[in-house]
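2 protein chains.
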Amino acid sequence: MLSKATIKYIQSLQHKKFRDEHHAFLAEGPKLLSELIQANCFECEMVYAVSEWESAVDQKILLNGNIRVQIVEDFELLKISNLKTPNLVVGIFKMKIPQEHFDIKNRITLVLDDINDPGNLGTIIRTADWFGIKNIVCSMNTVDCYNPKVVQSTMSSLARVNLIYTDIVEWLSKSKSVQILATTLHGRPLKDIHQLSEAILIIGNEANGITDDVLNLAHEKITIPKIGKAESLNAAVATSIVLYELTRNA
Amino acid sequence: MLSKATIKYIQSLQHKKFRDEHHAFLAEGPKLLSELIQANCFECEMVYAVSEWESAVDQKILLNGNIRVQIVEDFELLKISNLKTPNLVVGIFKMKIPQEHFDIKNRITLVLDDINDPGNLGTIIRTADWFGIKNIVCSMNTVDCYNPKVVQSTMSSLARVNLIYTDIVEWLSKSKSVQILATTLHGRPLKDIHQLSEAILIIGNEANGITDDVLNLAHEKITIPKIGKAESLNAAVATSIVLYELTRNA
Chain A
24 MLSKATIKYI QSLQHKKFRD EHHAFLAEGP KLLSELIQAN CFECEMVYAV SEWESAVDQK
84 ILLNGNIRVQ IVEDFELLKI SNLKTPNLVV GIFKMKIPQE HFDIKNRITL VLDDINDPGN
144 LGTIIRTADW FGIKNIVCSM NTVDCYNPKV VQSTMSSLAR VNLIYTDIVE WLSKSKSVQI
204 LATTLHGRPL KDIHQLSEAI LIIGNEANGI TDDVLNLAHE KITIPKIGKA ESLNAAVATS
264 IVLYELTRNA
Chain B
24 MLSKATIKYI QSLQHKKFRD EHHAFLAEGP KLLSELIQAN CFECEMVYAV SEWESAVDQK
84 ILLNGNIRVQ IVEDFELLKI SNLKTPNLVV GIFKMKIPQE HFDIKNRITL VLDDINDPGN
144 LGTIIRTADW FGIKNIVCSM NTVDCYNPKV VQSTMSSLAR VNLIYTDIVE WLSKSKSVQI
204 LATTLHGRPL KDIHQLSEAI LIIGNEANGI TDDVLNLAHE KITIPKIGKA ESLNAAVATS
264 IVLYELTRNA
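Read top to bottom, the protein sequences are chains A and B. Per the numbering used here, the first sequence starts with residue 24, numbered consecutively. Per the numbering used here, the second sequence starts with residue 24, numbered consecutively.
What the hints contain is simulated information worked out from the structure, not anything from laboratory work. A hint or two may mislead.
Heads up, the list lumps identical chains together, so a pair's fine if it works in one copy or across two of them.
Result set (EDC-like, lysine to aspartate or glutamate): computed pairs, CA atoms no more than 20 Å apart in a straight line [claimed, not checked]: (1) 54 <-> 68; (2) 39 <-> 66; (3) 107 <-> 140; (4) 102 <-> 75; (5) 172 <-> 229; (6) 54 <-> 140; (7) 172 <-> 140; (8) 107 <-> 96; (9) 102 <-> 243.
One chain only, chain A, in its complex shape (with noise of 0.2 Å):
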């Protein structure tokens, strides 16, 4: 049985400033569960899961991970997911400490302005985790990439890939060594760039784009060319077919 500060707790979890208070967040789900379990990257704090989920579960990786489960009832569940349907078990792990200065030489890095929506940041975690990126580099009204969609959306990717955020203008200007690539409307043909193994990519904002302070320090505009109708492509895909085209002859 649950305590009622415990399911507190769990619950404040969905929130950003309980989340940075506690250096925790939330994961869901039997599959995203055993992936960051043996991905072994995040600490796992407790495992809340139904009875049915832990007779299924491999026993080893609970062995492995020194992992904790507690059995909770079916409401009890409910009252702690973040899902309308939940799935089984809800796991809190502890947030990994980021990478502040890494290497922007030789590889690709992924520059973020303002992403809102947590189904796009997910998606563009898990993609750049595909073509091999490691660091992100987020404004800070990026959405939280703890928070539960964007979790849930990434599956274990987010374990992978290393996301800081920051003020991405000063980032930049003190990043200029390395070519710096902005993905708009009105750039060159995406194919022309042909094959980079070393540049800075700048995403914009799903509704306006990129600012114009960041858009200033880009060296290149690159587009995506249109060959129907649609006004403008989602965020994620296309960061996803940029970095398919850079990392394209790798």
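Fit chain B to the supplied structure of chain A, relying on the hints for placement.
Only chain B this time, still in chain A's reference frame:
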């Protein structure tokens, strides 16, 4: 003032059963409304808006489209909106009759095998429109394209792309004169396919990929090469990258 019956009718359109019964669907927000009205593809049954919207909207658009507007109070908009934060205006549009028979020669046609997530379908439709795709063939279990979440994320691309729902095994069996490509995790690297001006491209379900019956009908399996470690790509992201590559030299 909205009558109870009107509120009930509008709310009913959040469900596929009633959308099909009334051949009508909902769209919300000033940007989407004005795009849909100007695209002049779906007949507009009625617009319900707060007075703030009416004073800001371009009256010419309303006149040209012969649009009927009923002004509502904020509390009424809240009742008929499908959004957590209603966005000034809700429109009811008549569905268009899908074009069941269309040319598959000299063009790329998309086939969706059980895409479940409304956001994914919306993004796929919008991306297809960007790359000039005219027709999308959806399996019967693919989410309804008039689902409010799909409509919101397609923006006006829904007006330009023809979607049909059918038995895709049967449809593919009759379409083998055109090269059928299936996006999978273990196929030929995408860039080896070169540009194609004629193809049928199959995209699988988010969790389970393409069903065996469907996969058996493909002439070639293709794969987006993985450099990093993510387990899979989001379905809309995979669609986008393949469409980009196929039309790369268009």
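* To do: Find the hints from earlier in the document that the structure breaks and name them by number, from lowest to highest.
  => 9
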